[in-house]
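We have chain A already, so just place chain B on it with the hints.
There are 2 protein chains.
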Amino acid sequence: MRRTITRAIRYTTPAMTNPTNPIPVLSTENMNPAIKEVQYAVRGPIVARAVEIEQDILKNGSGNYNFESVIKCNIGDAHAMGQAPITFIRQVIAGIVAPEVIPHLPESVQKKCHEILAGCGGKSAGAYSASAGIELIRKNIASYIEKRDGGIKCDWEDVFLSTGASGGIVQCLKMLTFGEGLTRTGVMIPTPQYPLYSASISEFQAVRVNYYLDEETNWSLKIPELERSYEEACKTCTPRVLCIINPGNPTGNVLSRENIEGIVKFAHSKNLFLMADEVYQDNVYDADCKFHSFKKVISELGEPYKSNLMYASFHSTSKGYMGECGLRGGYMELCNWDPEVKIEMIKLLSSRLCPPVTGQAAMNCVVSPPVEGDDVYEQWVDERDGVLADLKVKAKLTADSFNEIPGVSCQSVQGAMYSFPQITMPEKFVKHCEVEGLTPDAVYCMELLEKKGICVVPGSGFGQRPGTHHFRMTILPKKHLMEQVMSGFGEFHNEFCEKWN
Amino acid sequence: MRRTITRAIRYTTPAMTNPTNPIPVLSTENMNPAIKEVQYAVRGPIVARAVEIEQDILKNGSGNYNFESVIKCNIGDAHAMGQAPITFIRQVIAGIVAPEVIPHLPESVQKKCHEILAGCGGKSAGAYSASAGIELIRKNIASYIEKRDGGIKCDWEDVFLSTGASGGIVQCLKMLTFGEGLTRTGVMIPTPQYPLYSASISEFQAVRVNYYLDEETNWSLKIPELERSYEEACKTCTPRVLCIINPGNPTGNVLSRENIEGIVKFAHSKNLFLMADEVYQDNVYDADCKFHSFKKVISELGEPYKSNLMYASFHSTSKGYMGECGLRGGYMELCNWDPEVKIEMIKLLSSRLCPPVTGQAAMNCVVSPPVEGDDVYEQWVDERDGVLADLKVKAKLTADSFNEIPGVSCQSVQGAMYSFPQITMPEKFVKHCEVEGLTPDAVYCMELLEKKGICVVPGSGFGQRPGTHHFRMTILPKKHLMEQVMSGFGEFHNEFCEKWN
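Going down the list, the sequences are from chains A and B. Just so we're aligned, residue 14 is where the first sequence starts under our numbering, counting upward by one. Just so we're aligned, residue 14 is where the second sequence starts under our numbering, counting upward by one.
The following block holds chain A by itself, in its conformation from the complex (with noise of 0.2 Å):
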């Protein structure tokens, strides 16, 4: 109907004959479709609300609600939460910005922020910088991922600074999306996955493909559930891409090694192109559990897989125990892949000229940073255990208390920054948001943020099974307030369920 009117403007010329209201160029029905589609719940409507709430309080008091202020657990922003940020990575940032602060540094701050200086254009971190990042943290990005993985080699052409991690996705997905009807991209996203996921794959037009996780074993990903997942897209799209969280966004799972073993082999089968998003690879709170990087197993796994698999690792500064969101630092490794598709890549990166030259420099401290001897080393680990330690504490606090609350169960949160806990919603209350067209989980965490002013994101946000309620919530509030949001969630539920029996 639209295409109609479009052509008839070209033809007729409306908008000449009658120049004061023509039909808009750019309208809700005007407009690229594939952005319509787009969905991130992170930011979505319960935050938009909470934003509000906040901004009354902060005019008129907390007089209209039943608390002070509100808590967000919305979104992985440690900073926001109140974590301090790590000294170190905040010294060598004010020192490239102002080198006239660099001889009031620690000494060995004032080394690292000379070495990053070298490698700027012109000795100055507001020049641009090559595309794929600055070369000496290329390289220095290299040097952890081979130290990480035991020693496997690394080559630093094949790591590419990007903005935040999200910026390595996208482009990444970008690359991969192609074809149309059988022929289309499909991507095997997790269910319940990150947004950046759905919404990407919502504004290349290219077909999610779910697999869920398995939440009776702690969100683990079953290979049968993979085989079944690739063959039911096959009938609609061509699948392409593999994305994996590991550690998991939302659900807190860390991947074993075994598990790990068994995702590669199904990749190499099947030709599909792996995304290991591994953000998380620093946030690992279970003593059973450990951080297995695809690289390492892949490699370890030998041929055919370590040299015909192409895949990318996806690492962040905005997670881990730094939590630098706002400075958008990020790199992706990119392995076997054709030298030419590289070139491609850098030419699309070129036309966005760089990544910010300040979140490089914080990716810098993250895989260079003080060793044992350098002044501020003690400081550095004091800080980074200090950070984790406390995650740690209250991973399990969170899953812990979630699990006293009858109707509520939760996995162990083994890794990540996130519970996912299930809700067994009262029948009544499910059949009324049947009737109402309304999704019960949204509701549901609407009624949470404006009767105790807790704000987490539904878990149709995510994804999850049909007839399964869920919500993220993070752990990153201090301590006290997650004790505070634990009893206030739980008088919530219990009112709720109250209400609707």
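Since the hints were made in silico from the structure, they are not lab data. Treat the hints with care, since some could be wrong.
Note that the list lumps identical chains together, so a pair holds whenever it fits in one copy or between two copies.
As the list claims (entries may be wrong) - Calculated pairs, DSSO-like style, for lysine-lysine (alpha carbon to alpha carbon, straight line, at most 27 Å):
1) 444 <-> 464
2) 72 <-> 409
3) 303 <-> 187
4) 491 <-> 355
5) 187 <-> 355
6) 136 <-> 72
Remember, it's a predicted structure, so these values are computed and weren't measured experimentally.
Showing chain B alone in chain A's frame:
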């Protein structure tokens, strides 16, 4: 052909029967075809060769070359060419990144740091900002625009921070790109143009619609040429967007107010969305020229333009007197947008979380600089005026020097950071290129690099009238280098002509 092969994989699964040698999931034949069309000359093969030579000289000395070092005149990267950063901007960023530094900074800088931090989540530059940017900074930008435009109202909710201006331009174009065949979006861009536009048009598979700037009248923009270009484009697509770069890149032209009025009326009559790239708004050197913002002209033209023409204006921290390219700061103002479309835009931005906070802070410094009475006011004025005065001298020097060389003609560099001289190539050379299938200006520029170490970008990367030959050269090298460049170029051109005549 390839599609058939891809389909065959899915049905006969050779990847599974012969997993060691599958057809690669990602290859130059098997990838997003739009990306293959992307070209970005500013960082193309000549620049790659320049980097190679630089590294060779670093390693082996300059013995193999006729020059000591490469002078990079290819990209508007001021700090890389030795321009000193503005102290105020750097102090503010150092302060927000490392608040322990704040007490050591000048008083008025301290105030700025505290203001920005108060607008950050958890008062930390490490927190994500809202997707559209920090509210305080959006408000400061709105005040700046109002002041710049003589009091014309600017709603801060129309202002969106971006990752450089490029980030905003790309998002905006993406919103406007849709349709198939005759309804596909045509994007009118100047010829010559800044290659971000052509690259993004390729990436989004829109239709590139060229309108030629008039070299003879200092690259001015003639309305009949817009009409011609539009009518021509209507045969193959639906022109929806008109891009204007003012001051011009690569041309250095500054549009007159009268010319802008004509453009506005044209855009309105054709119901086009107007994208005003105004990143060089502080870079006007010619005493007879003035920067007129599209916002001001549109508002002062009154109705129907003021309330009906949909447009966006883009600004950046990378140009002007500050040249902060590496921080990736920028903003866009979206005028007369349907609020629901803005919501769609915000949703898209949300999935990328936020522009870098340090870049946002730099943008804040640009729109909210020191004022009279501030302890750093005089330093700031001196630094700003120093940079702009220096650029003004080099703008004149460049055009004048080019015009002294027979066979070279250069329009006055009224603004921006570039000259775009026309070169009369020896006929024999042009014929030789024709026979060999070479692009004359690309060959010429590569030879200029190899012989003199001067790195410029061939005109073909920006677009030029068929049969004419140009290159883009920045005016950023320091004055003594600029003089060296001009004399080196003069020698080269003479030798080149002698060789081919």
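- Item | Ascending list of hint numbers which this structure does not respect | 2, 3, 4
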